[in-house]
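Work the whole structure out from these sequences, hints included.
Residue numbers (our numbering), protein chains in the order written: chain A, 3 to 114; chain B, 130 to 244.
Among the hints, erroneous ones may be present.
Claimed, not checked - Derived DEER-like restraints, expressed as beta-carbon distance ranges: (1) B:149 <-> A:114: 39 to 45 Å; (2) A:61 <-> B:137: 32 to 38 Å; (3) B:168 <-> A:75: 24 to 30 Å.
Unchecked claim - Listing some non-contacts, in silico: residues in chain A with all C-beta distances to chain B over 12 Å: (4) 25; (5) 32; (6) 49; (7) 80.
Hint data in this document are derived by calculation from the structure and do not stem from the laboratory.
Ideal placement from N, C-alpha and C gives every residue a C-beta, glycine not left out.
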Amino acid sequence: GEDVEQSLFLSVREGDSSVINCTYTDSSSTYLYWYKQEPGAGLQLLTYIFSNMDMKQDQRLTVLLNKKDKHLSLRIADTQTGDSAIYFCAESTPGTASKLTFGTGTRLQVTL
Amino acid sequence: DAMVIQNPRYQVTQFGKPVTLSCSQTLNHNVMYWYQQKSSQAPKLLFHYYDKDFNNEADTPDNFQSRRPNTSFCFLDIRSPGLGDAAMYLCATSRDRGQGNQPQHFGDGTRLSIL
Chain A
3 GEDVEQSLFL SVREGDSSVI NCTYTDSSST YLYWYKQEPG AGLQLLTYIF SNMDMKQDQR
63 LTVLLNKKDK HLSLRIADTQ TGDSAIYFCA ESTPGTASKL TFGTGTRLQV TL
Chain B
130 DAMVIQNPRY QVTQFGKPVT LSCSQTLNHN VMYWYQQKSS QAPKLLFHYY DKDFNNEADT
190 PDNFQSRRPN TSFCFLDIRS PGLGDAAMYL CATSRDRGQG NQPQHFGDGT RLSIL
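So this is what it looks like as structure tokens:
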């Protein structure tokens, strides 16, 4: 079955880089996503990567995908207090009607 | 500009009293989804509409139903809310389904409380 796992909590200092990790089990995953959820709000799509890529960069965000190890990471450069939120990784697989399987979420705390 | 709009943001209802949550979209997407998210958990898909075609998840309780009168609007009806139904309800849309490069876009959610 599908399973997506993340560490629950990460604390970083403002200005440092944050790296949030995710592992998944379904080798047929085609797209992998990162969503951000601020308190009391919905999910904001940050970025996504196709499984035939190993890296994608978008401003302060860098996504790395190791398909062999089924490991996905999100690096946030120059982390700001506004980056404090819960980050969910999610995967989709073909033929599942766009069903997303979410990880448990990682709470990022940015300290001064 | 908000593209997936959920109303209200906060909803309080009484135990057993039917409640309807609303979602509208300006993206003209074919697919609309409803998720339930309980505290400190990942969102859980309840069902989705592909155009007018309704698709229920196998473990969605019968107490939850949905309507999609047109492309722009989708409603979540909870017939007899129980205390365990208190949660954040998230609506999402995507242009198509089964296409990973057409990601889901979420609204801000409705937080439902049961008295």
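Given a hint of 32 to 38 Å, does the C-beta separation of residue 61 (chain A) and residue 137 (chain B) actually sit inside it? holds, 34 Å
Least C-beta distance between residue 25 (chain A) and chain B, which was stated to exceed 12 Å: holds, 15 Å
Residue 80 (chain A) and chain B, when compared Cβ to Cβ, separated by more than 12 Å: Given that every Cβ of chain B is farther than 12 Å from that of residue 80 (chain A), nearest at about 25 Å, it holds.
Looking at residue 32 (chain A) again, its CB stays over 12 Å from all of chain B? violated, 5 Å
Least C-beta distance between residue 49 (chain A) and chain B, which was stated to exceed 12 Å: Its Cβ does come within 12 Å of chain B, the nearest being 9 Å, so this is violated.
Take the C-beta atom of residue 149 (chain B) and the C-beta atom of residue 114 (chain A), compute their distance, and say whether it sits inside 39 to 45 Å. Given range 39 to 45 Å: holds, Cβ gap about 43 Å.
Quick one: are residue 168 (chain B) and residue 75 (chain A) within 24 to 30 Å, going by C-beta? holds, 26 Å
Checked against the numbered hints given earlier, the structure breaks hints 5, 6 and satisfies all the rest.
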